[in-house]
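Chains as they are written, first to last, in the numbering used here: chain B, 1 to 229; chain E, 1001 to 1217.
The set of hints was computed from the structure by calculation and includes no laboratory data. Even for Gly, the Cβ is constructed at its ideal location relative to N, Cα and C. Some hints here could point you the wrong way.
As the list claims (entries may be wrong) - To give an idea of the interface, some chain E residues facing chain B are shown, with a C-beta separation under 7 Å as derived from the structure: (1) 1073; (2) 1165; (3) 1200.
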Amino acid sequence: MIESWGRAIALFPHFAEVLLLAAITTVEITVGGFVIAVILGLAFGILKTSPHRTRRAIATVYVEVFRSVPVLTQLFIIYFGLGEIGVRLDPLSAAIIGFGINGGAYLTEVFRSGIEAIHAGQMEASFAIGMTRPQTMRYIIVPQAVRIVLPPIGNYVIGLLKETSIASAVAAPELMYQAGTLIRQTFLSSQIYLMVAVIYLCMSLPLSRLTRHLESRMGKGKAAGGATR
Amino acid sequence: MSAMIANLRDWLPELLVAAGDTLEMTVCAFILAAAAGLVLALMRLARARALSVAAHWYIEIVRGAPALTLLFLLYFGLPGIGVTLQAFVAAVLALGLNGAAYLAEVYRAGIEAIDKGQREAAQAIGMTRPQLMRWIVLPQSVRIILPSMGNYSVALLKDTSIASLISAPELMLRARDLTSEYYMPMEIFLLVGAMYFAMAFPLSWGVRRMELRMQRR
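Looking at chain B on its own, in the form it has when it is part of the complex:
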């Protein structure tokens, strides 16, 4: 056991280089998935608050289906399933698309609650001055809702960052996958997985600090807004 830690220390620079490069891929998947999730979440969140029943139903089906199935299953459908019917994606794209669609379902609910939190009087007022629904959304509701949804979006990003580790199962060359490769070469599993955990912590802890900061600022913002109203 002491021997293996000695070996781990000798190989540390090599491990650090490989793992930090892999962490960049982890960040790429997180950012890529996040962008798709925000676009889908905003679009379906607006649909979900629509006065049309069918539009609401479409958004509901999207949310319920993608939130009730594990993201690993979704990744396998996209990577292996689509491959079977001739749509071959590289692992990285499959992961980004998978996390994006899955996260979109989660963010739909976040954006819906943000939109619903804006006082109905504001929507009525903008209709009264002749704005259309898309205009109202674009200029009145969404800019205010974005402020409300920032903390839950922050929590979602932290969850996503950790969840990207599952992309190793479709061989996307991210942190967890490269850790596996190093372990197959050196058999130093505890040392390498501990390093991996530390790298994830270095990325997620600052993010959760930031989110908590946003949460407390939003709380204050709300109180101040209430006082001026």
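Starting from the known structure of chain B, arrange chain E on it as the hints suggest.
Same frame as chain B, but now just chain E:
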């Protein structure tokens, strides 16, 4: 079409057994998370600083790293120091210890949400700390805590799928075995997705009903 029905006849019995394993893993990990989470929450709220700091760091570290790293550390790392776990046990431990950190925060939020004045009032009429917890704080906290625990159980049910990555027997592992046997990943994973839906959707629907009922009171 008839080939598909023949395949379904082969797959379904195996997948249903595996879905049973998934449920078993979910229940075991949930019990562990609920119990260990309670211990952590009590440590977190304890007056002894060492206890509360230890619990705080456990929660921060476990919530900051992916459940998958904890799973791999327990399954692949522990044999290095002479502890070899069965895949199912490692999966329950990893998911349970991971969930404990999450539920500890849920419990704490539930307890802290009760207005301080109520505690002071209970003390003023001579209740001891255990008494006021039992009769004043907890009955009200439960309404805040239960929906979050319900949501956690839905997330846990889906998270058990990662146990397949250490070859623990559950639904996703069985599905992967079947795909390497039949090479029909689209059909098999869609079927498995539908099976997860059939388990997770009623559960999350029930949780939402409960949430609405608790809010109304």
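Hint-by-hint comparison with the structure:
A hinted interface residue such as residue 1073(E) counts as satisfied when its beta carbon comes closer than 7 Å to some beta carbon of chain B; here the least separation is about 5 Å, so the hint holds. Interface hint status for residue 1165(E): upheld, as the beta-carbon distance to the closest one in chain B is roughly 6 Å, under 7 Å. A distance limit of 7 Å between C-beta atoms decides the matter here; for residue 1200(E) the minimum to chain B is near 4 Å, and the interface restraint holds.
Figure legend: structure checked against the earlier numbered hints; every hint is met.
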